[in-house]
Amino acid sequence: MKQSGYGFLLLLALMLPPVSNLLESIMITHMHMQMPMLVFAGFLMAKFFQKRFPQFFEKWNENGLPGILLFTIIMVYWSLPRTMDEALTMTSVEAFKFFSLPFLAGVPLRDSWRKLSSSWKHALIIFFTVLFLGMGWLYIWSPVQLCNNYLVIEQITLGWGFITTAFAMVVYLVYSYFMDFSKYE
Amino acid sequence: METIIRNSGKTQVFREKANKVMGISLEDARLTKSYLSVAFLAILLGGMLGLLQGLNRAGMLELPVWLNYYQVLTAHGLLLVVVLSAFFTIGYFYAGLSHTLGGLLPKVRKMAWIGFWMKIFGFVLAVIPILMNEASVMYTFYPPMAASPIFYIGLVFIVLGVWMCAFGAFINVASWRKRNPGQHIPILSFFATGVFVLLFFGSLPVAIEVFTIIPWAFGWVETINVMVARTLFWAFGHTLVNIWYLTAVSAWYVIVPKIIGGRRWSDLLTRIVVIALVMMNITGGFHHQIIDPGISEPVKYMHVFMSLAIGFPSLMTAYAMFAVFERTARKKGGRGLVGWYKKLPWGDVRFLAPFIAMAAFIPAGAGGIVQSTNQLNQVVHNTMWIVGHFHLTLGMSVVMTFFGISYWLVPYVSKRVLTPQINKLGVIQTIIWTIGMVIMSGAMHWVGLLGSPRRTSYSTYFDNATALSWDPYLFFLAIGGTLLMIGVLIQVYAVFYLMFFAPKGNTEFPVAEVEEDAAPTPRWTERWGLWIVCMLVLVGMAYVIPLVDFIVNAPPGSPPYKTW
Ligand code: HEM
Ligand SMILES: [Cu+2]
Numbered sequence: 001m002k003q004s005g006y007g008f009l010l011l012l013a014l015m016l017p018p019v020s021n022l023l024e025s026i027m028i029t030h031m032h033m034q035m036p037m038l039v040f041a042g043f044l045m046a047k048f049f050q051k052r053f054p055q056f057f058e059k060w061n062e063n064g065l066p067g068i069l070l071f072t073i074i075m076v077y078w079s080l081p082r083t084m085d086e087a088l089t090m091t092s093v094e095a096f097k098f099f100s101l102p103f104l105a106g107v108p109l110r111d112s113w114r115k116l117s118s119s120w121k122h123a124l125i126i127f128f129t130v131l132f133l134g135m136g137w138l139y140i141w142s143p144v145q146l147c148n149n150y151l152v153i154e155q156i157t158l159g160w161g162f163i164t165t166a167f168a169m170v171v172y173l174v175y176s177y178f179m180d181f182s183k184y185e
Numbered sequence: 001m002e003t004i005i006r007n008s009g010k011t012q013v014f015r016e017k018a019n020k021v022m023g024i025s026l027e028d029a030r031l032t033k034s035y036l037s038v039a040f041l042a043i044l045l046g047g048m049l050g051l052l053q054g055l056n057r058a059g060m061l062e063l064p065v066w067l068n069y070y071q072v073l074t075a076h077g078l079l080l081v082v083v084l085s086a087f088f089t090i091g092y093f094y095a096g097l098s099h100t101l102g103g104l105l106p107k108v109r110k111m112a113w114i115g116f117w118m119k120i121f122g123f124v125l126a127v128i129p130i131l132m133n134e135a136s137v138m139y140t141f142y143p144p145m146a147a148s149p150i151f152y153i154g155l156v157f158i159v160l161g162v163w164m165c166a167f168g169a170f171i172n173v174a175s176w177r178k179r180n181p182g183q184h185i186p187i188l189s190f191f192a193t194g195v196f197v198l199l200f201f202g203s204l205p206v207a208i209e210v211f212t213i214i215p216w217a218f219g220w221v222e223t224i225n226v227m228v229a230r231t232l233f234w235a236f237g238h239t240l241v242n243i244w245y246l247t248a249v250s251a252w253y254v255i256v257p258k259i260i261g262g263r264r265w266s267d268l269l270t271r272i273v274v275i276a277l278v279m280m281n282i283t284g285g286f287h288h289q290i291i292d293p294g295i296s297e298p299v300k301y302m303h304v305f306m307s308l309a310i311g312f313p314s315l316m317t318a319y320a321m322f323a324v325f326e327r328t329a330r331k332k333g334g335r336g337l338v339g340w341y342k343k344l345p346w347g348d349v350r351f352l353a354p355f356i357a358m359a360a361f362i363p364a365g366a367g368g369i370v371q372s373t374n375q376l377n378q379v380v381h382n383t384m385w386i387v388g389h390f391h392l393t394l395g396m397s398v399v400m401t402f403f404g405i406s407y408w409l410v411p412y413v414s415k416r417v418l419t420p421q422i423n424k425l426g427v428i429q430t431i432i433w434t435i436g437m438v439i440m441s442g443a444m445h446w447v448g449l450l451g452s453p454r455r456t457s458y459s460t461y462f463d464n465a466t467a468l469s470w471d472p473y474l475f476f477l478a479i480g481g482t483l484l485m486i487g488v489l490i491q492v493y494a495v496f497y498l499m500f501f502a503p504k505g506n507t508e509f510p511v512a513e514v515e516e517d518a519a520p521t522p523r524w525t526e527r528w529g530l531w532i533v534c535m536l537v538l539v540g541m542a543y544v545i546p547l548v549d550f551i552v553n554a555p556p557g558s559p560p561y562k563t564w
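Chains as they are written, first to last, in full-length UniProt numbering: chain V, 1 to 185; chain U, 1 to 564.
Computed Cβ-Cβ distance ranges for the label pairs, DEER-style:
(1) V/Trp-120 <-> U/Val-124: 47 to 57 Å
(2) V/Val-19 <-> U/Pro-181: 42 to 52 Å
(3) U/Ala-554 <-> V/Arg-82: 29 to 39 Å
Facing chain V, from chain U, some residues (calculated, C-beta under 10 Å):
(4) Met-302
(5) Trp-528
(6) Gly-529
(7) Val-544
(8) Ile-545
(9) Val-548
One side only, chain U facing chain V, incomplete, derived with CB under 8 Å:
(10) Pro-298
(11) Val-533
(12) Leu-536
Source of the hints: derived by calculation from the structure; they are not laboratory data.
Heads up, the beta-carbon is just placed ideally off N, CA and C, and yes, glycines get one too.
One chain only, chain U, in its complex shape (with noise of 0.2 Å):
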């Protein structure tokens, strides 16, 4: 028995050690391979619907009756926010775990493979009524709208793909962890864990929503609790938000100094980074209700409170990504205040697309900052602003490292290896992207500011003057919209062409190294007990009063609607 205990130890690390040298294993391969076709189908649809709302917003394009605005809308969001982010951080971060755990175990293969196929027949699902004008009730799903219940069910079904999917890494992980006594778990899977923990948490919440929504669907109960769907849609809401922008600040921290040739910032702040993320992110979902009625002042004053924490462990990244920025150049002969710029490698889209990324970030939590204020989210709140900061922050600083990203995972994942001139399509795709979505969120944040709404068709209000004014800046987000599909295009193509044409060859996983004279990080980071157990007194505090309020103070609550 010992022995072979011992032995299949040996195995293992022999294993670690051939999938280091010779790159991912087939069934690796094929697992994050399939997961980012998903996302990058899920962008093509999603970004030519865009394209329709954007013209359509703009008096340009009429939709016909049998696919109305907010079929459009409801689809554009749910293939953007939920199959594209998904898909394609659970790719990303299989094959992380793979290339830094040793492989991925045979079992917890499975698993993502059933996830996979949950979450693909929880969408088709979810789909199917969209399509039929029966759930044309946005992502959001807010009560009292009701869809049909098949929409709920495929709901239900791609949460449970999502935790198959984050069970599987907590498996892969502690065993790793067993089998590597004393070690630290490598920075990469150490993010996916922080991920996957939101994942599981912050999805928790809708899951209890779903499951008191459908029976109403149904019509076995008569009425909802409005106010406690929506708290509860918004804990996992924001959380998701959240976990896209994680998992694009695991590879600003470990896998951007990487390629520019330098090395990580350090390794004890990186992983307090995560921790904090973790910890303090689910409470941040009551800046999405602070125009909700029901929640009394100083509980919206700590809610504010709690929303801006998070803005802490941002500047710290702000702050590491540029100090290691600048030891990088200055390391290869970079000279002056600012001048160092010029020895980064600005001709490689694996470094121009997550960098414009985290340049976004600056106006895009600026713009963050402003909504979780109570006063000025009152001026912007429900108008195209929010739509053009979340195409700031989704659209630009996630899905653009998302992109970047891609132009070396899917080689990798593939045995084949990025061309120059695939490269120099992506640098062309990641200035047309950077151009567009300006054009495109510049113009919904200023229309925003002049009280456009947001989800609403194109209406001049019975040609209304201030309505009417709206128009030029309306044009710009069709233009700004034209440019990013061409976008879309381009990546699109490139990603599929990265996967089956390019040559073969290959391609390195690139994690970056601490530096040399690094202190060594203490072992209480590897206490992930104790953060979730933080996380959930936190989550105790932002959110037991106001749904003990919601509750016992409930109002009659409401019957289903179809408003559409």
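Extracted from the complex, chain V is given alone in its bound form (with noise of 0.2 Å):
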């Protein structure tokens, strides 16, 4: 439960006006520290809603699928650029943002982890990896500037962010495709 408190204290601080204001204000930590921090944010406090709400969760999360589901919508989601933009410039898609990365990914992130089999899990990793690699070449071979917020310059960087993380991935599916972790239990 502990885990859940530092959870909620982490969704606290990022919603301070001078920390988000630091983080929004480039492209990149906008999209790769601070949407990720509030999913992990999500992630701690699931545990809370896990023991408050065992049945809810049995009921519609029954083997993990649902809760992947939402998480991928709600990733898919804010990863357009216009979704960031409208972010900067209204309130209540902010406050959608603060909501919806926590509660809606990183909660049913939490609870369908660990029912999913290890295929599932794959394939969503790889469905990531892919959708990465797509955004990495939309940020850096776009011709025109997608945002209005940001500059050209901010998201090629994020491209290439997109690109590095997808990098990671692919090298931690190969670890996982040739390691057979049973050889060493």
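Using the hints, put the two chains back together into the complex; each one sits in its own frame.
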């Protein structure tokens, strides 16, 4: 339960205006630092909800697939250039960001991850790898500025951020493909 | 087929036991002896060059025209920071792998030998242009200063040789894990794995850098992106420094407790320290570029944070060491709030040297925090303070730990014993080195604060008053350097005496056990693939922003310059 408390604190800290302004002032820290940390805050808080509403998760997320689907939708939604722009200009969208990433992505991720079979897990990582490669391609080679709020150079930087993250995920996939953990246990 | 596999498994188990009882196999011993010999020859030569520099800086010695200050400095840096450290680390960890994993696989031993000769070949290639004054670029070889291409080709071979050794270690560890399902890698091999992971990933950026420099040094391409080159260099340079530190730390955690007759600190926390140091290391490279242009303030701020994060496992280490000392001393009847320290074996060089090394890390670490702070960095950047700092960290914390290791590792691989006389000589050496380094590095720190620049041969700047005020400190620097040279001579004598002339006998490889009531270590500590992925993500976080900026907004680039 302590964990959930920390998660809540993290969420509050990220919502402080100076913190959110700093993180949002750079495109890549907005998308690759603030957003994952919001998901992580939800991930930590998930324990609280799992304890309070066990039947809810049991009933609606029995095999983990609905939860992971919700997670994926929220994540894809927040990878769109347009949504980032709106978060900066419209308070309601900003509020939705601080709500949806922890509670609609972080919490279901925690609840679903354990329930998923390893092939689903790998499928998910592969999906995000492909998505990230695509996003990287889009941001780096897009001929125009995609966000009103960020310069082209920041967009290219974010693109390379996507590519490096995808690269790290590929390394992980290759590693788990070649490593047979049962041999070592 | 089945039975063959099972049988070969059995012989392997037998070999592992034999290895523990009878000591290291002759072939593995020869490998480590060769690596250590090169390491200590490097310190002999490097120390002499260091003394020349110290005497020159004090205005007491004018170097001849055929050997200028910057040639000496390049060789000193390369010999001590690359040759001494790399050869010692590899020799030490290969002995550790051999001891804890039941001998090296023949294939791995061969790889380590190939690596050995590649490094020697590369080093010879690099030294030739230095001697010809064609490569006085210092060990950092920052473009736009350009050396003869041969120098860089030599560096490529050194890196390839290191990679051979890294892959050899991975193969040996993987094979052991297959043969011992469900077991944790022995702690010393765990440290070795971490060190070789860092050696490999840390030298990737410098390999990329050198491959962009070579065509430029040959004149095939006209210009080079200076900021990218510097950044790639420090991603490597900083990691390298921390690799030596992690090597010393391995001895503090694993060897020293055994020598004082105690047990190891928590196995789990030890492994966490290793994992943390491996993951967070490479990103620290930016603290060498705090004054560099082209990196925006917020990004520099993030880098300060990433750099200081490494302080956390270091503080854990400090805590762990003193906890082990106190626990052991109290078991032996030590009393009082601080009185227990009397029960520690102060007369044993194998303890004394690493102990002083650890103690030196307290001011050394504090100095490091000072330098990582943006404003304070502006005061000390490129002054003698920096030189004082790394003689404290490398020349004392790391090298003195290596010295302490040599008093049991060399007899262990030579099947000889440490005699009481050599032990006493070692204690004297330790004291001389300590006094010498405190004087030299103290003087360097101080004169640096007064503005004396590093990497500059003696000059009074037309008798400028400020420059003249440095002289007394530089004189102390020379005194410290002279003491250190005496220390080097004693140390090298001790090593070769122990290797070839000490009485024959069996020396133990001191690996401490965990406490009896220790909790089992969780399995996740073994998931190296995951730690590497986390490391790559952190590296991405640190490097993507500045590198994209340097490349997309690149200035015209620079042609090669020979400034000397
Ligand atoms: C006999 C002992 C030693 C003496 C007298 C000595 C002295 C010096 C001096 C005077 C400098 C030049 C400062 C300058 O002009 O910038 C220097 C640089 C350096 N020393 Fe030492 N040193 C000794 C041992 C060591 C050891 C054991 C190490 C590392 C393991 C080491 C690593 C370095 C490095 C990396 C440099 C910087 C080279 C550069 O700036 O390119 N030294 N040393
Ligand atoms: Cu560093």
